[in-house]
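*Asks:* Now for the letters of each chain:
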Amino acid sequence: MIADVQVSRSATTIKPKIVVNMLNRAKRPVLITGGGLLNDERLVEFVYELQKRAGLEVIATGGSSRALIERDVNVRMAVFTLHYVTQFLTDLQEYDLSLFLGFRAPYYLSRMLSALKHFSNINTISICEWYQPHAKFSFPDFRKKEEYYKALEEILEVL
Amino acid sequence: MIADVQVSRSATTIKPKIVVNMLNRAKRPVLITGGGLLNDERLVEFVYELQKRAGLEVIATGGSSRALIERDVNVRMAVFTLHYVTQFLTDLQEYDLSLFLGFRAPYYLSRMLSALKHFSNINTISICEWYQPHAKFSFPDFRKKEEYYKALEEILEVL
Amino acid sequence: MVMDIHLNNVRIHIGRIVEEDEWEPMGPTPKPDVLDLRYWDQKLLERYEPFYAPMQDFCNLCTMGPCELSRNKKGACGIDLKTQKARIVVLACLIGASAHCSHARHLVEYVVEKFGRDYPIDLGKDVEIEAPNIRLVFGIRPKTVGDLEAVLDYVEEQLVRILHSTHTGQEESYLDYESKALHVGMLDHVAMEVADIAQIVAFNYPKGDPDSPLIETGFGVLDAEKPVILIIGHNVLPARNIMDYLEEHGMENDVEVAGLCCTAIDTSRYDPKAKIVGTLSFELRAIRSGIPDVVVTDEQCIRADTLKECSKVGIPVIATSEASARGLPDKTNENIDVIVEDLASGRLKGVLIRDPDKVGEIAVKTALAVRKRKGKKKVLMSREEVENEVRKCTGCGRCVFSCPHCLRIDVAMGLAKKGDFSMFKEIDRSCIACGKCEQACPKGIRIVDIIMSVGMDIKVKGRSRAGRGPITDTEIRKVGQPIVMGTIPGVIAAVGCPNYPGAREELGSIIEEFLRRRFIVVTSGCHAMDLGLYFDEEGKSLYEKYPGVFDGGGLVNVGSCVANSHISGAVIKIAAIFAKRPLRGNYAEIADYILNRVGAVGLAWGAYSQKAASIATGFNRLGIPVVVGPHASKYRRAYIGKFWKDVWWVYDIRSRKRMRVEPAPDALLVCAETKEEAIVQLARLCIRPGDTPQGRQIKLTHYIELSEKYLGCLPDDWHLFVRSEADLPVKMKDRLLKILEDEHGWKIDWKSKKIVEGPIRQYDPGFNPTIVEHVYEKYTGEKLLR
Amino acid sequence: MVMDIHLNNVRIHIGRIVEEDEWEPMGPTPKPDVLDLRYWDQKLLERYEPFYAPMQDFCNLCTMGPCELSRNKKGACGIDLKTQKARIVVLACLIGASAHCSHARHLVEYVVEKFGRDYPIDLGKDVEIEAPNIRLVFGIRPKTVGDLEAVLDYVEEQLVRILHSTHTGQEESYLDYESKALHVGMLDHVAMEVADIAQIVAFNYPKGDPDSPLIETGFGVLDAEKPVILIIGHNVLPARNIMDYLEEHGMENDVEVAGLCCTAIDTSRYDPKAKIVGTLSFELRAIRSGIPDVVVTDEQCIRADTLKECSKVGIPVIATSEASARGLPDKTNENIDVIVEDLASGRLKGVLIRDPDKVGEIAVKTALAVRKRKGKKKVLMSREEVENEVRKCTGCGRCVFSCPHCLRIDVAMGLAKKGDFSMFKEIDRSCIACGKCEQACPKGIRIVDIIMSVGMDIKVKGRSRAGRGPITDTEIRKVGQPIVMGTIPGVIAAVGCPNYPGAREELGSIIEEFLRRRFIVVTSGCHAMDLGLYFDEEGKSLYEKYPGVFDGGGLVNVGSCVANSHISGAVIKIAAIFAKRPLRGNYAEIADYILNRVGAVGLAWGAYSQKAASIATGFNRLGIPVVVGPHASKYRRAYIGKFWKDVWWVYDIRSRKRMRVEPAPDALLVCAETKEEAIVQLARLCIRPGDTPQGRQIKLTHYIELSEKYLGCLPDDWHLFVRSEADLPVKMKDRLLKILEDEHGWKIDWKSKKIVEGPIRQYDPGFNPTIVEHVYEKYTGEKLLR
Ligand code: SF4
Ligand code: SF4
Ligand code: SF4
Ligand code: SF4
Ligand code: SF4
Ligand code: SF4
Ligand code: SF4
Ligand code: SF4
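Protein chains in written order, with this note's numbering: chain A, 1404 to 1562; chain B, 1404 to 1562; chain C, 191 to 976; chain D, 191 to 976.
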């Protein structure tokens, strides 16, 4: 998202190991998944494993719920769009750390990360394929899908 | 200029030595001086030395002309404001490298560096006290005046 | 209401109308001033809290800036980030509304000049409520086109007043800027109504005809064999003159007139022989194809490099609008043959012609002359050229990062190098032909041309129904009750632009889902065009499959962008005709009625423009939620209700109580990321507190079915909408009762299969909700303590 | 020209005037439409090429963005960076002009309601040309306030049309957007004229009186011993009501009314007992001082955290404008005593009162009640508090980076820790009290309070002359010829805002330089206020030292921002009265006259606002250059002529030749970095091709003297302005001739001391320049081939 760096401070890029550290340190983390999961089984599988191993709460948006539910992932909410979920995170302050995965519209996620940055205290980590400058921490851009999957796998390995 | 980083690409910070290298490599470089020289003899002295040692052309804006002329610096133009000078640099393309020094209104310089970046091919180096993101190369922010002067002196030394 | 007094050349029209025409008592807010409906906005904004997603952390609107406002810091003028974003939203809406208002001004000015101020407004016997927005907001029944001038005077004055409020150092609460944005949105619908009424009555467009003609639509209408005039924009006047000229000279079959964007729609409403190429997403493609012999531009949503792109392929341009003069020389009063020769010879790349009535002759003659000179047109790149271009690619990925849709050109190029061009087909389906990839490419590769050449079906042709204009009073009489009861489960209004998140077909598949379920679907603008290109297996477009009637299962194209006013108009008319609520200057009561009872929801899947922002905001003030595509998150603001908050209450006029209600609808503006989400949200947001049990049952059935179909589970919140067992979908009743008991702790009497305890409220057949104090007081005759 | 016809309550006013009043033949462009003066703009823009300095490399005005436009790339809509910047400039000007237009609308509406449409416009016998901008642009002589309504209808319509053009997908040439910005600027001066005429005639302000009263000015007017009402903003109506209420109740001496910003000026024009605190830069200071007992805000240039800041120190706020409702509850129709009690008790932090005529009573009663409750006011931080705050500073420097002026708070804090507080005094002189440093400070240090407490002289008091409104016809008759000849070397118009680059005193020192040299100085708005605080050694302000007459060495305060129209008006009147050029609908001819002959130059040293952008652009279209302070580089666009280019030519009506002229003036909008630069530029830009040798000699003398004084050398370009030896400053003649010979290769006949060869052109006493074809044709009777 080259054109989207009009920020006072860009996300720190983050490695899988640090993601795990942060997950472990968080009081109540949550994973929010996007519509990219509809066409990407490996992401679904990743969420499944992540929940299994880390017991992470998952909120599904973007219709990603269908794929997750079919893979027996337990989702806390399934019908709300990212807008609602962001409002929810901001307003109820139940979580101290939020991870974002698999948004097919990275620009939409970018806006929500911006909203969270400015108007909430929640920590945000993007583990999407593209760098998200408005997050607090973000994976870098992965030009090759395989490298991206490897990074996700690394998370599972270190867990 | 924290609030002024809405740029597609920020200036590369530069060290005195590299400034000299670039000066040496340039076909026809020019130094443009600003109103900060009115109250800063050390900057005036620096320009004097620089011209003496490197034979650099100088265009004075911001009333810096008075101080320079009194110190026997040879200025190519003395009456035009930075706006005119920038228009001049862009339009006539006489110079391939421009150095900027001593602007008391760094935000004004910032706009002109932006104009030069977008609408000309001239290389720009800011050797002002504050980092200038729209330049191609810029000194970093100097929080302490003395360090700034030291950097300028280093230029003279390496010349 | 308007009179023409001729006194020594002094023409007079009415500025202020205190009112003598007593067709209906005047409501509380005729010609509302900037703050007059703030009380209504405050009701809305209490529920639908504005949600901000800044595009940038800075403000640089004045020279005290740039100000870094991150984390809601205040700038040098004291404004905080939220308020600053709300201010930008107001600006965007103002730009949008002023576009429609100026468009209306052009049309009205023209019509008054040609036909006089007294030219009657007659939309046919079946459209007695001719101007629901004007009645509701301005408080008159316009009888002649002259009456429309006074309406525009008012709109312009208000727009300028609100523009004033965006100056540095004004509002300090984002809620006040939001109220202003809502005011602008409302005015926008009034302006659009003026514009569309003026053109319908003056140019004899279809007047609410459900069987309006089918119009050829698609890239394939560009006929390389004939001289082609391509018209682009929104203002029908020059295009109309072209059609007239062709007809007057018996040349209708010699020259093809194809339109892009709303001008295309409106030209086809004027003359069904006109053809529709498609949306803004096809502009660069159409020009690059080289097929047009002359391009005529009017205004709005026209690429700002039209002249540059046309010049590259030798197409002369005729600019016709004050809003887009394109730097061209003004030749309005020059000799036409000289102009034509200058254009055809390439001596001039284009001209500005400020008189629409001169455009026809110039455009036609130029098209003929160019065609003659050019000979057979070359269309698209050859495969060899494509291969040469592809070879230059280094795979650097800059194109991808600059693409609004992050389309993987780099990957497609890589495959193409190995001879596999298939991925460009896929890219073509989502590409909006914006050209940013080419701007970014360091190798100067003609990416758009490659996509077109390899990926696009240039022969594609479908049909869309010509914009029919208003919904008739008869239709409203028929569907009013079922809509309010809920037995017609909803009205889906698919309006807006082509900045889709994914493949263009997605829109069609969303809409067909609702048509099959017998929702009413209305559409307009670019969405209306794209729906003409969504085919079933037999190659029939949606318009050919579904009737054009405003009834369950009908697909109604009202027309161009400005025809959106007929959609708000139809909803207003439901309150007027079915519920017999007085319209005149009675905005809050009607909006309140709609919010609580009319299950209408907008869908702007590709919303890109400031006009779309303003239109949506106008729907919102009227109590109509809008679901937008994900790009619309860049509008920076949404209206998301918080179902977990205690803001879901109404006054019940019957029981005279303030009572809790279900959070329905629980958003006024919300983005969906995928079509799956959009479908579910649309169904969900059709639910209204006013639904009867029968209606609620139907709505819940659709909601639950769609959620299960697309999201794989029951919706998280379905139980919030259950008032009694009668609301439950029949086939799922037992299962749902069980869930209510097990998961939500409701008490169920299993013998009678009745809900004993649990719902937010009980259903009451006399339930008569309002959130507006004066409406409550009016119907109860009781004063509320505030 | 306006009639009131009462027909069953229907009030009618004139919308379109074809014209029956034959006071002057109609020129070519009455009520010019958006493109009607494009030909004139093209002339200007050919010479004064727009220069763009982007604030950001991106555009995000629609959802196809954000688009990275660096190096003039095109965005998804096809717009390139230059055109995008021009579009932003248009938007800024629109915001500015709409502010004045709405302000005018408020005033006219009020006056019409109170006094009727027929209330005459009478500015006294000495101001027969009552409305030069309206005559010039709109083409009428307004006789009653009702006439002003038609003017505003026109302005509003045009503004909306141009706002339309900023929609995505419109202009593709930055020159067309620039032409629109110029149009908006012109309209702005018309709107300002309407506003100021309405308030002058209705409220009996001074009508061109050079001896208008002197008004107490400065922070010292805030009297901690009395109840104080602080009024902030631009719209005099509520403030006037306060003055009336006090007078009606004989309380003028019991309550202090002090104003900030333009409301202050206009209140003092209404009633010289009103006092002026100062500019926007003193708003935060005034509130933080805690002295005001109630703050009344109207609109524009009011901090957007006024309520928040007032609430912190317990000052209730009364908002009175639709443009700045501040999120406050609308109490317009509630019981006044209840409101006062709510405000005084703190139950309500503020209220919105939409009827200016109710504000007086509420404000006065609240001030009295608050004063009683509060008792003695605490002013400023104690030294101990300051020390405690200073101790928290870590020297991190964030305050410095966020400060618009990069003031070295960190250094000042460091010194203060060691007991040396002197640097805060220095900082205070440049601080605009924007509060950004506090926002940035991670330690939450109350930096502004420290600066105030340690650095500010809270007792400072000066005097400024009450805004006198128009320049009289008699004055113009007297100075018209000397100005056009050049023997009055120039008119310097110091207008604008307080966003100065350095210490506030700089403005005074610039202006005094020109007063001493017997230029005419006119001023308005915030500059006018600050000049009242520039003292000589005896403590006299400039107004006390220099007379208020429009003549060489006079310092004329015309009034608030909207009174800027009298400055453009005066310049227009020079063409009308001295040169007898017809005004009516004759814009291009008059602007052309001014550009070539009237040495008037604007100075907006602290220009910050959108209004300032629009005002300057309006001056520019009229051929008047403006020098702005360095912050104004953030307006993104300047108009810099290129003296090295071949665009400096005119048609000479006398010789019937197209001929080269000196590049004078060679910029229409240019930033100076320092006061030294500003002074030299102002003198330089006063030079005009039309100068007589005597005039040119005087102008060159000032230019050269000032250049030598401030820049230490002869100006680089003085020789370009020499047409013959007669142009040379007498005292320097020999020296200059020598330089011309030696350095510029001119041929000099040393015997006669005459220039034989060298100048761009010869002086010709009959020289009659124009750059407009139709003006040339009109006066020569000869058709130009184009
Ligand atoms: S408008 Fe306010 S926030 Fe924006 S740049 Fe100006 S001072 Fe800063
Ligand atoms: S930007 Fe150009 S070179 Fe780079 S990947 Fe895209 S097409 Fe290839
Ligand atoms: S033209 Fe198509 S592929 Fe290229 S950037 Fe635009 S949307 Fe993406
Ligand atoms: S629907 Fe959107 S893109 Fe299409 S014409 Fe209307 S505003 Fe433009
Ligand atoms: S207006 Fe044009 S340049 Fe700006 S964001 Fe939209 S498409 Fe991009
Ligand atoms: S308040 Fe004064 S010191 Fe602080 S940032 Fe603003 S100008 Fe600078
Ligand atoms: S920001 Fe605060 S702590 Fe940092 S230097 Fe400034 S005053 Fe000191
Ligand atoms: S001069 Fe500038 S700051 Fe002062 S009131 Fe006018 S616009 Fe506002």
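Among the clues, some could well be false.
[Claimed, not checked] Taking lysine-lysine pairs in the DSS-like style, the calculated list, with each CA pair at most 27 angstroms apart, reads: (1) C:498 - D:835; (2) C:607 - A:1547; (3) D:582 - C:263; (4) C:847 - C:921; (5) D:937 - D:397; (6) C:233 - D:539; (7) B:1548 - D:615; (8) D:539 - C:263; (9) A:1548 - C:615; (10) D:233 - C:539; (11) B:1548 - D:633; (12) D:607 - B:1548; (13) D:498 - C:263.
[As the list claims (entries may be wrong)] A partial selection of chain B residues facing chain D, derived with a Cβ cut-off under 10 angstroms: (14) 1410; (15) 1418; (16) 1433; (17) 1508; (18) 1551; (19) 1552.
[Stated by the list, open to error] Reference listing, derived: stretches of chain C covered by chain A, where coverage requires no fewer than 3 residues with Cβ under 8 angstroms from a Cβ of chain A: (20) 526-535; (21) 892-901.
Derived from the structure by calculation, the hints contain no laboratory data.
Heads up, the beta-carbon is just placed ideally off N, CA and C, and yes, glycines get one too.
*Asks:* Would you pick out the hints that fail for this structure and give their numbers low to high?
*Replies:* 4, 5, 15, 16, 18, 19 and 20
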